[in-house]
Amino acid sequence: MQSTQTSEPFRVIQSDGSVGKYKVTLSDAELIQCYRTMLTVRAFDDVCMKLQRSGRIGFSVPNKGIEACQVGAASALRNTDFFFPSYRDFGMALYHGVEPVEMMHNMFGNAKDAARGRQMPVHFSFVDPIKFFSISSPIGTHLPQAVGAARAYQLRGEDHVCLTSFGDGGTSSLGFHSALNFAGVWKAPVIFLCQNNGWAISCPSSEQTASDGFAIKGVAYGVPGVVVDGNDVLAMHQAVREAADRARAGEGPTLIEAVTYRMGGHSTSDDPTKYVPKEELAKWQERDPVVRFQAYLKKRGLWTAALETEWTQAAMERVTAAAKTAEATEGPGLETIFSDVYAELPAHLRAQGEAAFDLARRKGSADAGDGAFPL
Amino acid sequence: MPILTLIQAVNDGLKVAMREDERVLVFGEDVGPKGGVFLATEGLTTEFGKQRCFDTPLSEDGIVGAAIGMAANGLRPVCEIQFQDFIFPAFDQIVSEAAKLRYRSGGQYTAPMVIRTPYGGGIRGGLYHSQSGEAYFTHTPGLKVVIPSTPHDAKGLLLASIADPDPVIFMEPKALYRHAKGEVPAGHYTVPLSTLRTVREGEHVTVFCYGSMVPVVEKAAAQAAEQGIECHIVDLRTLLPLDEQGVLEAARKTGRVVIVHEAPRFCGYGAEISAMIAENVIEYMEAPVRRVTGFDTPFPNTLEHHYLPDERRVLDAIEEVARF
Numbered sequence: 001m002q003s004t005q006t007s008e009p010f011r012v013i014q015s016d017g018s019v020g021k022y023k024v025t026l027s028d029a030e031l032i033q034c035y036r037t038m039l040t041v042r043a044f045d046d047v048c049m050k051l052q053r054s055g056r057i058g059f060s061v062p063n064k065g066i067e068a069c070q071v072g073a074a075s076a077l078r079n080t081d082f083f084f085p086s087y088r089d090f091g092m093a094l095y096h097g098v099e100p101v102e103m104m105h106n107m108f109g110n111a112k113d114a115a116r117g118r119q120m121p122v123h124f125s126f127v128d129p130i131k132f133f134s135i136s137s138p139i140g141t142h143l144p145q146a147v148g149a150a151r152a153y154q155l156r157g158e159d160h161v162c163l164t165s166f167g168d169g170g171t172s173s174l175g176f177h178s179a180l181n182f183a184g185v186w187k188a189p190v191i192f193l194c195q196n197n198g199w200a201i202s203c204p205s206s207e208q209t210a211s212d213g214f215a216i217k218g219v220a221y222g223v224p225g226v227v228v229d230g231n232d233v234l235a236m237h238q239a240v241r242e243a244a245d246r247a248r249a250g251e252g253p254t255l256i257e258a259v260t261y262r263m264g265g266h267s268t269s270d271d272p273t274k275y276v277p278k279e280e281l282a283k284w285q286e287r288d289p290v291v292r293f294q295a296y297l298k299k300r301g302l303w304t305a306a307l308e309t310e311w312t313q314a315a316m317e318r319v320t321a322a323a324k325t326a327e328a329t330e331g332p333g334l335e336t337i338f339s340d341v342y343a344e345l346p347a348h349l350r351a352q353g354e355a356a357f358d359l360a361r362r363k364g365s366a367d368a369g370d371g372a373f374p375l
Numbered sequence: 376m377p378i379l380t381l382i383q384a385v386n387d388g389l390k391v392a393m394r395e396d397e398r399v400l401v402f403g404e405d406v407g408p409k410g411g412v413f414l415a416t417e418g419l420t421t422e423f424g425k426q427r428c429f430d431t432p433l434s435e436d437g438i439v440g441a442a443i444g445m446a447a448n449g450l451r452p453v454c455e456i457q458f459q460d461f462i463f464p465a466f467d468q469i470v471s472e473a474a475k476l477r478y479r480s481g482g483q484y485t486a487p488m489v490i491r492t493p494y495g496g497g498i499r500g501g502l503y504h505s506q507s508g509e510a511y512f513t514h515t516p517g518l519k520v521v522i523p524s525t526p527h528d529a530k531g532l533l534l535a536s537i538a539d540p541d542p543v544i545f546m547e548p549k550a551l552y553r554h555a556k557g558e559v560p561a562g563h564y565t566v567p568l569s570t571l572r573t574v575r576e577g578e579h580v581t582v583f584c585y586g587s588m589v590p591v592v593e594k595a596a597a598q599a600a601e602q603g604i605e606c607h608i609v610d611l612r613t614l615l616p617l618d619e620q621g622v623l624e625a626a627r628k629t630g631r632v633v634i635v636h637e638a639p640r641f642c643g644y645g646a647e648i649s650a651m652i653a654e655n656v657i658e659y660m661e662a663p664v665r666r667v668t669g670f671d672t673p674f675p676n677t678l679e680h681h682y683l684p685d686e687r688r689v690l691d692a693i694e695e696v697a698r699f
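Protein chains in written order, with our numbering: chain S, 1 to 375; chain B, 376 to 699.
Please note: incorrect hints may appear among the correct ones.
[As the list claims (entries may be wrong)] DSS-like, lysine-lysine: derived pairs with alpha carbons at most 27 Å apart:
1. S:Lys21 x S:Lys298
2. S:Lys324 x S:Lys64
3. B:Lys425 x B:Lys409
4. S:Lys23 x S:Lys298
5. B:Lys556 x S:Lys187
6. B:Lys409 x S:Lys187
[Stated by the list, open to error] Simulated restraints, written as ranges between beta carbons of each label pair:
7. S:Asp271 x B:Phe463: 33 to 41 Å
8. B:Thr672 x S:Asp46: 53 to 61 Å
9. B:Leu678 x S:Cys203: 40 to 48 Å
10. B:Arg394 x S:Glu158: 21 to 29 Å
Quick caveat, the hints were computed from the structure, so don't treat them as lab data. Note that the coordinates shown come from a computational prediction; the quantities given were computed from them, not determined experimentally. Just so you know, even glycine gets a beta-carbon here, dropped at the ideal spot from N, CA and C.
Given only the sequences and the hints, what does the whole structure look like? Please build it.
Structure, rendered in C-alpha cells:
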C-alpha cells in the first residue's frame with residue numbers, strides 16, 4: 001500500500017491514451033462529464049485572467065495543469081460527501097454541478113456571493129448541490145476540520161466521507177500534522193489529497209521536505225499513503241475511490257499524493273517566469289492532463305475534433321455568460337459588513353452599523369479606490 | 376438547593392447538557408477516564424461512554440480544528456484546553472476559523488462550539504499555568520468570551536454557551552475552582568450571555584471586575600465600607616459581546632470607576648472599559664478611571680501574590696478614586 005515518490009506513481013492512462021488491462025468503471029457519460037468539466041475549468045481560468053487583467057476582478061488563481069487531480073478525485077465521491085477544498089479546486093465544485101455563475105458571484109464579490117463579497121475571489125463556499133466547505137486563506141487549517149467533520153459521520157454511523165485537498169506546501173503546516181495524527185488515532189473516514197503541483201507560490205516542493213515525497217509522511221501517523229499520477233484522471237479516480245471505500249468500510253484515512261504540475265502562476269498577481277525553469281515547465285506541458293485524457297477518449301470513440309470544438313465553445317459561452325451575469329449583479333449592501341458576525345446582531349455592532357449609515361448620509365459614500373491587490 | 380464548588384458546577388453543567396442533547400460531545404487532553412486535570416469532566420466517560428467524552432492526542436490545534444469540523448457537521452462540541460496558557464497553537468483555528476466561519480460563508484457554515492479553559496493565577500503555576508489571555512479573544516469579532524465567577528453562573532453560563540449558535544471561549548477562573556462555593560439549582564437553567572451581574576449595590580465607587588477578581592473586589596469593598604465608601608460592584612460575566620449600556624449606566628451611577636483584572640494592563644480589557652466611559656459618559660465622571668491589573672510582565676511564580684491584584688491594591692485604588 002505504502003508508496004514513495006521515487007517509486008513509480010500509480011498510472012492508468014499512458015501517454016498514447018491506452019489503458020492496458022485496466023478496467024475502466026466510469027460510464028461514457030461520466031467520462032464525458034469529467035472531460036467537459038476539465039474544459040470548463042480551463043475556460044474559467046482564461047476568462048478570469050482576462051477579467052483580472054482588465055481590472056474587472058481583483059484576483060484569481062490559475063488551475064492549468066491540475067484539472068485531472070480535481071476532477072478525477074471529485075468523480076470518485078458522492079454528492080453527499082463533504083469537500084474541504086483548497087483555493088485551487090474549481091473542478092471539484094464544477095464536476096458536482098456547482099454553476100459557474102455561483103463561482104463568478106464570488107469572483108466579483110457581489111450581493112449573490114455566499115460570502116457577500118467579504119472574502120477575496122476564489123474563496124468559495126457552497127452547500128448545494130454539494131457541501132464544499134468555505135475556503136480560508138491560511139494554509140492547512142481546514143485539515144483538522146475535515147477530520148472533525150469525518151468524526152461526526154463516524155459517531156453517527158453514517159457512511160459519508162470527507163475529502164480535504166491541499167498542496168505540497170500545505171504538508172509543512174501545523175494543521176497537516178495535527179490532522180493526520182487525529183485521523184490515524186480515530187480511524188476517521190477522511191481522504192487527504194495532497195496535490196503536489198511542484199510549487200508553493202515560488203518555493204519548489206524540494207524545499208518543503210527532506211522526505212522521499214509526501215505520501216510517506218502518512219506512515220508515522222498510521223495512515224497509508226499512495227502516490228498517484230495527478231495528471232491522469234482515471235488514476236486519480238481509482239485512488240480516491242479506493243480511499244473512499246476504505247473510509248466507508250471503517251478502515252480509516254488515506255493520504256494520497258497526486259504528482260502534478262502548476263502550469264500557470266500561483267495567482268494573477270504572480271510572475272512565475274521569475275522562478276520556474278523553462279525546461280521544467282516544457283517537460284510538464286508535454287504531460288498536459290487534458291491532452292492525455294483526450295487521447296484516451298479518442299481511443300474509446302468518445303472524442304472527435306468536432307466535439308472538441310463544440311465542447312470548448314460551450315464551456316467558454318457558459319463561463320462568459322456567468323461572468324456577465326455576475327458583473328451585472330449589484331454589490332453587497334453596507335449592512336453586510338455587520339451581518340453574519342454572530343447569529344444575532346449585538347448592540348455594539350448595531351451602533352457601529354448605524355453610525356456608518358449615518359456618516360454615508362451626511363458625508364457621502366466611502367471611496368472604493370482602485371482595489372488593486374498590491375502584488 | 377445543593378451547595379457546589381465552581382468546578383462541581385461546571386461538571387454538573389456538562390452532564391445536564393449531555394443528557395439533554397446527544398449532539399453534545401466533550402473531548403480534550405485527559406478529560407476521559409481521568410476526568411480532566413482539575414476533574415471538571417469527572418464521571419462523563421462513565422455515564423456517556425467513550426463516544427461522547429474522550430481523550431485526544433496532545434495537540435490544541437487538532438482539538439479545536441476538529442471541534443470546528445464537528446460543529447460544522449451537526450454536533451455541539453465542548454472541548455477543553457487544559458490550561459489557557461496552552462491555547463496558542465489553536466489560536467489560528469480560533470481566530471481565523473471558528474470566529475470567521477459564519478461571516479465568510481454568509482451563514483452557510485457555522486461553528487456552534489464551546490472551548491472551556493482554566494485561566495488565571497493564584498495556584499503557583501508560573502508563566503505557563505497562570506495567564507489571563509481574555510484580551511486576545513475579546514479583540515476578535517465573531518467570538519463570544521465568557522468568564523464566570525460563581526458556581527451558579529458557571530453552570531448557567533456554560534449551558535447558555537453550549538446552546539449558543541456561535542463559538543464561545545469559556546474561561547474558568549482556576550483559583551476559584553474549589554474556593555468558590557454556592558447554591559446551584561439542579562437540572563437545566565441558563566444565565567443569559569451578555570448580561571451583567573450586580574454583586575453589590577453602592578453609591579460612591581463603581582468597580583468592574585470578572586472571574587477570579589470578583590471575590591478580591593468584594594473583600595476590598597467590605598473594607599472600604601468600614602471607611603464609609605460604598606462600592607457598586609459589577610461582574611461583567613460576558614466580556615464579548617459586552618452589555619455596554621449596562622456598563623455605562625453603572626459608571627454614570629457613581630461617577631467614579633475602578634476596573635480590576637489580573638491580566639496585564641497595556642491593551643488589557645480594562646482599557647476598553649475605560650475608553651468606553653471616556654467616549655460616552657465622561658461628563659458624569661468625578662474622578663479619573665483607575666485600573667488595578669497584573670503588571671506588564673510575564674507571570675511570575677514565587678512572587679505571584681505581588682503580581683496578582685489583591686485587597687490592598689484594590690482598596691488603595693477605591694480610596695484614591697473616592698477621595699479625588
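Holds or violated: 40 to 48 Å for the Cβ distance of Leu678 (chain B) and Cys203 (chain S)?
Holds - the Cβ-Cβ distance for Leu678 (chain B) and Cys203 (chain S), about 46 Å, lies within 40 to 48 Å.
Taking the beta carbons of Asp271 (chain S) and Phe463 (chain B), is their distance inside 33 to 41 Å?
holds (36 Å)
Range agreement (Cβ of Glu158 (chain S) with Cβ of Arg394 (chain B), hint 21 to 29 Å)
holds (23 Å)
Does the structure keep Lys23 (chain S) and Lys298 (chain S) at a Cα separation of 27 Å or less?
holds (17 Å)
Check the following: the C-beta atoms of Thr672 (chain B) and Asp46 (chain S) are separated by a distance inside 53 to 61 Å.
At roughly 58 Å between Cβ atoms, Asp46 (chain S) and Thr672 (chain B) fall inside 53 to 61 Å, so the hint holds.
Below or equal to 27 Å on CA atoms is what counts here, so check Lys21 (chain S) against Lys298 (chain S).
holds (17 Å)
With a cut-off of 27 Å on the C-alpha distance, tell me whether Lys409 (chain B) and Lys187 (chain S) pass.
Judged against 27 Å, a Cα distance of about 23 Å means the pair holds.
Can you confirm whether the C-alpha distance between Lys425 (chain B) and Lys409 (chain B) stays at or below 27 Å?
holds (12 Å)
Between Lys556 (chain B) and Lys187 (chain S), is the straight-line Cα distance small enough, at 27 Å or below?
violated (42 Å)
Take the C-alpha atoms of Lys324 (chain S) and Lys64 (chain S), compute the straight-line distance between them, and say whether it is at most 27 Å.
The given pair, whose Cα atoms are some 23 Å apart, holds under the 27 Å limit.
In summary, the one numbered hint that this structure violates is 5.
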